[in-house]
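S.K.: All chains should be built: construct the whole structure from the sequences, respecting the hints.
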Amino acid sequence: MTSLRSLISTLSQKANMNANTVPDMLPCKMCGSEAKKIFGLPKSKKTGHPIPDAPDNCWYYQCKKCIFCFTPALDGDNHTEIYDDEYWNHQDPDLYGRVGETLRLVVMANELLHKRGDRLEILDFGCGGGGFVKIARESLGMNAWGTDIIQPKFGREWFLPDLGDRKFDMIVSCEVIEHLPDPRGTFNHIRAHLKSPGAFAFQTAQWDPKACDRNWWYLGPDNGHISHYSRESFDLAWREMGGAARRLWNDYPGCQAWLFE
Numbered sequence: 271m272t273s274l275r276s277l278i279s280t281l282s283q284k285a286n287m288n289a290n291t292v293p294d295m296l297p298c299k300m301c302g303s304e305a306k307k308i309f310g311l312p313k314s315k316k317t318g319h320p321i322p323d324a325p326d327n328c329w330y331y332q333c334k335k336c337i338f339c340f341t342p343a344l345d346g347d348n349h350t351e352i353y354d355d356e357y358w359n360h361q362d363p364d365l366y367g368r369v370g371e372t373l374r375l376v377v378m379a380n381e382l383l384h385k386r387g388d389r390l391e392i393l394d395f396g397c398g399g400g401g402f403v404k405i406a407r408e409s410l411g412m413n414a415w416g417t418d419i420i421q422p423k424f425g426r427e428w429f430l431p432d433l434g435d436r437k438f439d440m441i442v443s444c445e446v447i448e449h450l451p452d453p454r455g456t457f458n459h460i461r462a463h464l465k466s467p468g469a470f471a472f473q474t475a476q477w478d479p480k481a482c483d484r485n486w487w488y489l490g491p492d493n494g495h496i497s498h499y500s501r502e503s504f505d506l507a508w509r510e511m512g513g514a515a516r517r518l519w520n521d522y523p524g525c526q527a528w529l530f531e
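Counting from 271, one number per residue, gives the positions in the sequence shown under the working numbering.
By construction, these hints were calculated from the structure, which means they are not laboratory data. Positions of the beta carbon are idealized from the N, C-alpha and C atoms, including for glycine. Treat the hints with caution; some may be incorrect.
Here are the simulated distance ranges between beta carbons [as the list claims (entries may be wrong)]:
| hint | residue 1 | residue 2 | range |
| --- | --- | --- | --- |
| 1 | Ala324 | Arg461 | 31 to 41 Å |
| 2 | Pro312 | Ala515 | 38 to 48 Å |
| 3 | Gly411 | Ile321 | 13 to 23 Å |
| 4 | Val292 | Lys465 | 42 to 52 Å |
| 5 | Leu410 | Val292 | 43 to 53 Å |
Mimicking DSS-like on lysine-lysine, the simulated pairs with C-alpha atoms at most 27 Å apart in a straight line are [stated by the list, open to error]:
| hint | residue 1 | residue 2 |
| --- | --- | --- |
| 6 | Lys306 | Lys316 |
| 7 | Lys465 | Lys385 |
| 8 | Lys334 | Lys480 |
| 9 | Lys315 | Lys480 |
M.R.: Structure representation (structure tokens):
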């Protein structure tokens with residue numbers, strides 16, 4: 271199966287751990303090296319909100335090699351339950367709010383591909399409410415599709431619950447990869463659905479341990495922010511996946527496009 275829902279379910283189950291066990295070390299989800307427990311948060315912590323006055327029951331780990339920061343707290347959970355109407359109505363209510371940022375990812379990816387924009391086949395991986403796909407199709411005449419673990423509210427006629435053997439010129443993912451329980455497995459899945467050449471572009475917030483700690487605003491296990499990437503973790507993944515070239519927006523590691531030949 272190649273649906274995003276089945277992929278997330280399979281990969282998260284592989285990493286499931288006993289909720290009563292809090293080890294000091296875990297394997298890094300990006301590179302497999304040793305990751306050390308660095309802090310805890312209440313599982314009810316939401317992105318952009320103060321830390322609740324509650325006991326820590328969600329533990330974050332940082333890799334000693336690639337500095338990737340993650341929590342296994344949601345491994346094995348049904349992630350479709352996180353992104354229900356409550357999520358869209360209260361935590362991310364602007365269904366068109368990421369259209370401009372997703373278009374930036376398309377621009378970055380096509381700087382590497384050098385193809386006509388109206389001929390590109392584009393997949394919005396983690397399309398959420400479907401705002402980008404709807405605008406791209408109806409207003410811009412672009413060949414865009416979406417996939418996610420839930421049905422979008424817009425652009426359902428271009429929604430692909432299962433990718434099958436389809437390949438795309440580019441796959442874009444805006445504010446999605448921080449939600450992945452198995453980032454490397456999902457990156458490999460994305461790579462498998464790119465044409466040759468093809469480009470993968472993404473946006474997330476950068477984890478920098480020199481500037482970030484448990485008070486970092488972007489942490490939010492309650493809304494699924496469980497995987498946080500350092501510059502080093504992106505560098506390592508790009509090399510190991512065989513990237514041919516890449517583009518960083520204003521040299522910011524959290525906004526990149528990768529070319530694969």
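S.K.: A separate judgement is required for each hint: does it hold in the structure or not?
M.R.: Verification of the hints:
Our hint of 31 to 41 Å for Ala324 and Arg461 holds, since their Cβ atoms are close to 39 Å apart. The beta-carbon spacing between Pro312 and Ala515, approximately 42 Å, falls within the hinted interval of 38 to 48 Å. For Gly411 paired with Ile321, a C-beta distance near 46 Å fails the hint of 13 to 23 Å. Here the CB-CB span from Val292 to Lys465 is close to 43 Å, well matched to the stated 42 to 52 Å.
Taking 43 to 53 Å as the suggested C-beta distance range, the pair Leu410 and Val292 conforms, at roughly 48 Å. Proximity of Lys306 to Lys316 is assessed by CA-CA distance (about 23 Å); at most 27 Å being required, the pair is judged to hold. With a CA separation close to 13 Å, the supplied pair Lys465 and Lys385 stays within the 27 Å bound. Proximity of Lys334 to Lys480 is assessed by CA-CA distance (about 14 Å); at most 27 Å being required, the pair is judged to hold.
At roughly 22 Å between alpha-carbon atoms, Lys315 and Lys480 fall within 27 Å of each other, so this suggested pair holds.
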